[in-house]
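Undergrad: Residues per chain are reported as follows:
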Amino acid sequence: MQKKAFSFFHNNRASLIVLFALVLLPFIVGLFEGASPIVVWENQGGISKFVEGLGIEIFILALYALSYDLIFGVTGLLSFGHAMFFAVGAYLTGIALKSFALSLPAVIGLVFLAAILQALLFGLVLPRVKGITFALVTLGMASMFHIIVTSSELGNYTGADVGLQGVMVPSFINPANERLRFYFVALVVLILIYLLYQRFVNSPTGRVCVAIRENEGRAKMLGYNTFAFKLAALMLSSFAAALAGVLHALYQPIVSPNVADLSFTVTALLIVLIGGVGTLSGALIGAFVYRLLDFGLRRYIGENASFITGTIYVAFVLFIPYGMVGTWRLKSFRVAQGWRRLLAAFKT
Amino acid sequence: MNAFFRKNLLSAATLIVILIFFIAAAQGMNSQDFVITFLRGLSVGAVTFLVASGFSLIFGLLDVLNLAHGTLFMIGAYIGWTVFVRPDTFADLLTPFALILSGFALRDMYPLLSARVRLGLRMRRILPWALIIVSVLLLGLILPRYPIAGWNLDNYAESPVTYSFMASQGTPLPPPTATFDQISPALAIGGLLLASLFGSFGLFLFDQSVQRSPRLSWRSYAGFVVLLLVGLIAFIFNSALTAFLLGLNANWLFFIAVIVATLSGAGLGALMEATLIRPLYSRPIYQLMLTIGLSAIGVQIVQAVWGRPEFVMPKPTLFNGSGASCPATSFSSWWQGNCSTILLLGGRVRTYNEIFIPLIGLLVLVAVWILLQRTRLGMIIRAGVQDREMVEALGINVRRVFTMVFALGVGLATLGGALAAPSMGLSNAMGESFLLNALIALAIGGLTSYPGAALGSLLVGLIQQFIIKYGQIGISIPFTSIVLKPTPPIVPASTVLLMVIILLIMPNGLLGKKE
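The listed protein sequences correspond, in order, to chains A and B. According to my numbering, the first sequence is numbered sequentially starting from 63. According to my numbering, the second sequence is numbered sequentially starting from 1466.
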């Protein structure tokens, strides 16, 4: 018993250290400013509040990228309409809270239903189109959603081009006053979804999804109904993305139509590619790198930042060929060997 | 006959639907509106076709989804503008570009050279990096000091907007002259040549896959010598060349601008394929990231060099007249007056936008069709689209064909950009919208089918223009008195909707082959 518990901690020590650091992060950052943890606890620290905000954005982005990785990296469906999953969650939350004044559990229930519905909508076209054609059809659907959201006829609800503004956030989770709580809520949601996905990928169902990515014809020939597995992956993915949208709408009480755009899908694609396709932890690390890169470059370089981001992407593709986690997994043995050799050289 | 119908039932049905659409479109529109809208649709369709056909060739043969294609289209437009409005800048740029490219023309010699390099494994790994760093340093030292007469983005009186406006008024500004600054001309030329040789050899050393050395013949040196001569001659006769280009008839200058844009696009494409895309054939999905990154870089470069404001390239004089005899009533009177508009069936049609561009589109369509159907290269391309492994197995150097197709595709896009610049204007966002248009057109017509690209582009252009027109005049729904006016968001929505419907009925597009 004792040994088993120890091995659990030993095997997951890296993740646990990261988790511990993330929990303590707001307080530690507060200490730099001279604010005691109690001040941070009461949401009064300046810099720690800022770091919490950045953390929340990274968690939301990571959740969104994670959901993209499940259908793109694990199941192998290239979708250009993923932003729709996110935007539906965000817009539903915004409209339900603002125009209909629903309670938060009701909103989440509604979003859950909507997530299933839109996964079914994508599933509708699944048997007919594959590969790049599927990407184009999903792009078409997401564009239709974007056009509907920005059309002036629905302006009362969606705010048309300007976006949905002034979402009434319930006070117990209001990011302005209760940001620390929001930080932990976002972190917990992210971890729960990550664990769920991890379990899914390692389950027999997830294995079949990987098999579909590798060779759909063969999986079909083995007797698996590949459509059902793809639909399952789509539903899980859609739910997580919509949840990320909910958090987004709550955190920034504005929902801009940009989140339904093709470029937002491309963001998810880039994050997954940075982290490593098909590695769930890659999506998390990729979101962290992407957001910090974006933030840092915009802050210190300004308008020309996207030149540097573009160059970094190109360099990434050429020199870190399978994303950060993917390349690490390929090379970790050699790196470990190199370290051992280095340490041995020091000893003698 | 019966069997034929049964086989092509779906295509026939779609054709009938398209016909019904056009008959419905003609309803409630007077003939002049119809002619103008139709020709506008053709114009947009022709430009979309130039982007889409290159995209489809690249995707068909190389399986590369080149998301930077729209940006390359935009770069073509800006290059065309530079040559047309500022020929002196073009003349100044000719020398450094020819010199930098000359090293890459010596590609056939490098296997021999690399066989001569006898170094340890570690040094061999460092060598390409060292060569490239030296090359970049040399370029960074020389290029800022190299005299290039350009424009000044910070000063409005010397910005591209002003140059463009003055040129369209017929009174181009006198070009500034630039002289060598802190560097002797011979040193600059020699340095550029050295940087080019180092850089190209360094890049070559990265590519480990090429092992055998091709037999050397005069062709191996011809490209290098030609580029070197072009560079040197352009350098020695710089002022004469500038004066010649400035004094040239605007029609010829426009012709030169389009040619230069096409050729530089082809060169850019070949360079992109050889250096960046080639390492990625084994990891297909990562080209998406690469092309997205390149697209971002391209947009930023355009913003840094030509600035953010939009401007319009003046039309060549052949299509810019506005004398007493304008608008022309027939083509012969247009030829005499060079009118910018012409009366066709009572409608006033702009000759450049609505007659010239569709004609060029048709010309390119036929030319590439002949290239694909009647030449050896085209045969290899068609075979490669169908089954790449088989072509490789037959002993054909597909690598070289890949580079050529990439160059051709990008060249077509930049040609489209240069042609679209006078009619649609130059802006930093023009690439993105045309990329989306081209994607939709290809999805409609069939992703890897060349006639499909033409049909899809035509449909996209026509439908967009008709919807815009109906947004102005309204559609009267039959048997009712309701007049429906499509709002602007419907324009993109209509083509996207069409794409989704067609892909759901025929997953391979209208003319795509079944797998």
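Treat the hints with care, as some may be off.
What follows is a list of derived Cβ distance ranges for each label pair [said to hold, decoys possible]:
1. A:Val224 / B:Asn1620: 32 to 40 Å
2. B:Ala1468 / A:Arg190: 19 to 27 Å
3. A:Leu355 / B:Leu1578: 36 to 44 Å
4. B:Ile1861 / A:Gly115: 55 to 63 Å
5. A:Arg190 / B:Gly1936: 15 to 23 Å
The set of hints was computed from the structure by calculation and includes no laboratory data. These figures come from a predicted structure and were not determined experimentally. Ideal Cβ positions, reconstructed from N, Cα and C, are used throughout, including at glycine.
Undergrad: If a hint holds in the structure, say so; if it doesn't, say that too.
TA: Status of each hint after checking the structure:
Between Val224 (chain A) and Asn1620 (chain B) the Cβ separation comes to about 35 Å, which falls inside the hinted range of 32 to 40 Å. Evaluation of the 19 to 27 Å hint for Ala1468 (chain B) and Arg190 (chain A) yields a pass: the beta carbon distance comes to about 26 Å. Between Leu355 (chain A) and Leu1578 (chain B) the C-beta distance comes to about 39 Å, which sits within the given range of 36 to 44 Å. Roughly 58 Å separates the CB atoms of Ile1861 (chain B) and Gly115 (chain A), a value that falls within the hinted 55 to 63 Å.
Separated by about 32 Å at the C-beta atoms, Arg190 (chain A) and Gly1936 (chain B) break the suggested range of 15 to 23 Å.
Checked against the numbered hints listed earlier, the structure breaks hint 5 alone; every other hint is satisfied.
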